[in-house]
Every structure is written in structure tokens, then in C-alpha cells.
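Chemist: Top to bottom, those sequences are chains G and Y.
Going from the first sequence to this note's numbering is simple: count from 1 and add 162.
Going from the second sequence to this note's numbering is simple: count from 1 and add 162.
Keep in mind that the hints were calculated from the coordinates and are not lab data.
The structure displayed is predicted, hence computed values, not measured ones.
You can't tell identical chains apart in this list, so a pair holds if it fits in one copy or across any two.
Calculated lysine to any residue pairs in the SDA-like style (CA-CA distance at most 20 angstroms, straight line):
| hint | residue 1 | residue 2 |
| --- | --- | --- |
| 1 | K403 | L301 |
| 2 | K418 | N300 |
| 3 | K403 | N381 |
| 4 | K361 | S239 |
| 5 | K361 | V375 |
| 6 | K262 | A481 |
| 7 | K355 | R292 |
| 8 | K260 | D482 |
| 9 | K403 | S354 |
| 10 | K361 | G274 |
| 11 | K166 | S485 |
| 12 | K355 | G278 |
| 13 | K166 | R197 |
| 14 | K355 | A316 |
| 15 | K215 | I227 |
| 16 | K361 | A316 |
| 17 | K403 | Q382 |
| 18 | K355 | D238 |
| 19 | K215 | S231 |
| 20 | K418 | G303 |
| 21 | K361 | V315 |
| 22 | K355 | K403 |
| 23 | K247 | H229 |
Protein chains: 2
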Amino acid sequence: MHEKRIALDVMGGDLAPDSTLRGALAACDTAGDMRLPPQRILLVGDKALIEDKLAALGGNPGFAIQHASQVIEMADSPASALRAKPDSSIAVCVGVVKQKHAGSIVSMGNTGAVVGAATLGLGTLEGVRRPAIAVTLNLTGHPVTLLDMGANVAPRASDLAQYAAMGAIYMRDVVGTPRQRVALLNIGEEASKGTDLLKEAHVLLTESGLDFVGNIESNQIFNSVAEVVVTDGFTGNVVLKLMEGFSGFMLQLLLKELKSHAAQWSESALRSVRKQIDYAEYGGALLLGVDGIVIKGHGRSDAGAVANACRQAARALDADVNSHIVSGLASQSARA
Amino acid sequence: MHEKRIALDVMGGDLAPDSTLRGALAACDTAGDMRLPPQRILLVGDKALIEDKLAALGGNPGFAIQHASQVIEMADSPASALRAKPDSSIAVCVGVVKQKHAGSIVSMGNTGAVVGAATLGLGTLEGVRRPAIAVTLNLTGHPVTLLDMGANVAPRASDLAQYAAMGAIYMRDVVGTPRQRVALLNIGEEASKGTDLLKEAHVLLTESGLDFVGNIESNQIFNSVAEVVVTDGFTGNVVLKLMEGFSGFMLQLLLKELKSHAAQWSESALRSVRKQIDYAEYGGALLLGVDGIVIKGHGRSDAGAVANACRQAARALDADVNSHIVSGLASQSARA
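With the hints as extra help, turn the sequences into a complete structure.
Modeler: Structure (C-alpha cells):
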């Protein structure tokens, strides 16, 4: 029974412990297919605090509590915090799993501390050299798991192949998708694209026996072409945080439009939003550093985007940007 | 005069030549502050075709035309296409700039061909080792230039420092922002974060004399903390295409909501959209590969997200995913 328990790091996260305790209660309250019995959750953190909070929230429905006297803060440096706070809630979570008092950890706390404590404390699975952080996006009924989202910024090609295998198994057995197509995140579809790491990973994945569909570009993540998308931890972290920041930004824009249009909210408002986020409205991509002004517009540019790109070229020419770059770089190297 | 001309690659792009010719006309038609005189645009491409099309569009308002007999297609391999098609519209564009018959190129064509032709044909600016592709996002009145968006997937740290200097000059002189704060795209704010390349670039940028604000994470691109964001061409390309794919995906969701709600479109529809794109709805990030189920939720998780993360942990435990990973990897290495 204990091995099916979830050790919940009550103290971790910006909104903890309120959010974590309310979350534990919600997981056990919900009607429907996924109500957890309270016995499956082990609360880890300051025991007196947890008991007080639970009393205020209507009582403890049956959670076990494991005391932890310390907390690793979100801003703490992971490695030194793990050394300095051996009785932190996250370290205790790892300890209870190690001792088989629980089989799982849920933490909203410091990512580096969670990854570090789990990797060192639990060790990697047999055959796994490096763990990966996997995130599943539920894209309108087509879940996609992306990994690694930041555990290891410099993986080997064989690590990427392992991520793929782990991700496919996760999708099959936990998420339950009928297919587990694996794609490698790259900047072009051809096998010859990208860094040496990716070329080597492409070879390994082709030979892996997985349902490998090849390289995809990041815009294809949303096109239901694969259920597992593999990348290094640096790129993955950039992707994850970009989606977070960008969706927040877009929704802010939408809310602003919504308020100013009230009942008139319509497709024209959406077009206005698209205009504000579309770089084609500004022009195209500028090739900085060649001896000339080179604008690369989007291949699907319409007339308006082409006109914008022309105006952008005119602005760059009028500003004589290249001679400024030459002199700016010269003065920079003179200073160096 | 000629050096202020813009050589427009009429043949390049998915919608060319219609979009490019209409774009050239639009650039000269528009009322307001940025109407270009037709004499500033040199059309490059199939001369007879261009004359026919212009006649059908109401006549040539005064564009000069430079004939090019070949076209590099979007799907062509850049390097071999540039060799096989020496009279392609993009090669001719580069030629006219080299001969000072124009000062700028605008192309919607094959990116690799544009970058390759421009870099080889025009050479880099004095002091510049590698060019960078810069894209300016017009974020609700706060433009941000990101570079490199894909010219060079493996830059040196000194290249990144050059990109920063070029980007800052571009923002000052062409876009005209009052400040030119430079940020380095990374996966954490501390100087010690990221790859060796980024650590070295951080040192160089700190010493550069630029208004360097340090590392930023990708979600901060939208927070008006910098006017110039520097990254390698691989990461930049992933970022750019992700924004493209993600915004298209979000707008599709929004249109669907809009249609089903009609006049009832409201903040609840936005919440429904957010729910569909928010990975916290699915749970948290899963640390795959450690000997235990480790879910890392978002630091700002609310109770609902914590509950989802707990359910996700339960699903993973119930599916016994780790033993499947171990056996899956074992059979994979047995096969290898």
C-alpha cells in the first residue's frame, strides 16, 4: 500500500502551503473517475502548521503527515540548499520514497532542488544515464509529451534516445495514447539539419525500434504529428517558458480587446490581436552583419507583409545602420 | 540614389510573384508617413512575367526591373541551388547590391539561400565574423529585437557579443527606441546558468559597454525588460517558430470558442482557452528516469494544479511506468 502513496511537498511553491493543502483536499474531494482516497497522500512539511491549517480548512480527511523541519525556498541555490537543509520538505519526500513509505513525490518547489534531490537520493533507473523532465501538453484532445524540459542542459545523443524511449513508454502506459510517435525537435526536417548532437540522435532514433517520425520544427508541436517530442534540457526549458510567457501575453491582449469591444467582440478583434503579435506586421527578419541590408520575410508573406518588409528595408537604409555597426564594433574592440 | 534602392526578390516566397508585386505597389501606394517612391524599388525576377503582372494590376508606377532567369524554390537545398542557379532572383539581388545598383535586398524566399547568397556574395561587415538573423517583435508598443534566429547554429561567445552590439545599434538607429537594453536568453537569471557558451558570453557582455541587463528566461521576452535579446541560431529558430505555431494554435482555439459562444463570448471563454493550453491542467512536469515518480509542478500552482499533479502522480504509479521504462530500455539495448 505505501508504495502507492504520494509524498506531497506541502512547503514547496510560491503559494504553499495553502495551495498544496487545498490541492490535496481537492484531489480527494472531486467526484468522478479520479478521486483519490486520502490514504494515498502523505503530507510532508511542518507538522504543527499542517495540522492547524487542515483544522481551519475543515479537518484532516485521513492524510498521514511526515514532519520536515526545513524548507528550501524558491530563490535558494539548489545545491547549497540541499546541503544546508538536510531536513527540508523535499529531502524528506525523497527519504520517504527511498524507504518505500511512498512511491511518488509531488512538489511545486524549487526545480533544481527537486531534480537534484531526486536524482542523487533516488538514483536513476537501471539503464538510464540521465533523467529528463517531461511535460505533457493537452492540445485539444491530442496530448504531447515534451522532454527534456530542463534537467540536463548538455545531454549526449544516447541520452536523447533514452528520453524518447521513456517518453513513449509514459505516453503508452500513463497517458494512454493509441500511438507513441517520437519526433526530434530541430530547425528543419531533413536528417542533416541541426547540431552534431541532433544528427547523431537522429541516427540512434532511426535505429531504435521506436515509432520515430524524424525531425520536426517547433511550430509542428501543435500539429498532432507526434506524441513525444525530444530535445535537450536547454532548448526544452526555453520552449516551456516561452509558451508560458507568450500565452500570458496573448491572453492579456485578448482581455484588453474584450473590454474595449464589449459586445462588439468579433473576428476583427482577433485580427487586431494577431496584428499585434505577428512579426510580419513589423517587416521581416533582418540579416545583421552582412555588408548590405538583407530582410528575410516569412515564406507565406502576403502583400501587406511584403510592403512592411520594404518599409523596414527603407528604414534600415535611411538610418545607414551598417556603417553604425562597423563603427560601433570598432569602438567596442578599441575599448576591449 | 541607387544605393538607397531596395532590390525586391519578386520570385521568392510561397505566394510569389503576386504577393511580392502587390506588396511593392502597396508600399508605394500607402498614404501617410512611410510611402516609398517607386524609384526606390528595383524588381528582380522574370522580366516578361513581371511586366505582364504589373499591367494586369494597373500598370507600372515607375519600378525599374532587373531580369533574373532562374528561381530558387522554397524546398531547394540552399547550397546546391545557389551553385546550380547562378541567375536566380536571389543571386541577382545580391549582384545588384554588390554593384551598388541597390543598397538593400528584400526576399520572402528560401531562408538558407538568402543567408548563404548574402553572406558569400556581400561578405560580412568589417569586424563581424558571422551574421545573425534579427527579428523585431512589436510587443504592444515595446519593440524587442531577437537575434540570431537561425543564421548560425553554433556561434562562439564572441559572436553572441557581436550580435548584441549589432542589435543595440539597430534598435537605436532604425527602430528608434530610447533605450537599448541587451539581455542574454538563458534558463535562469544567475550568471552561472546555462551552457559554457552562455557563461562566456555573459562575461563578454558584462565587459562590453553595452546596457547589458543580464540573463533572461524566455517568458521574460514579453515583459519589456530588454530591447535586444541575444541567443544562438538554433535556440532562436526554435523560439521564432514556436511563437508562430503557438499563436496560430491559440487563435484557432479562440475562433472555435467565439463561434460556439457567439454573443456570449466572455471571460469564461478565455478561461476555457487558457485551460486548454495550460499544462498545469494536465499536472506538472514529470522527472523521467529517476527511480521514483517525481512531478515538478509550476511554482505558482494553485490548488487545482496541485490536485492535478497528485492525480498525475497516481496515474504514473498505477501504471507502474518505471518498471516499464527499465524493461523497455533493456529490450532496446538488447536489440542494439
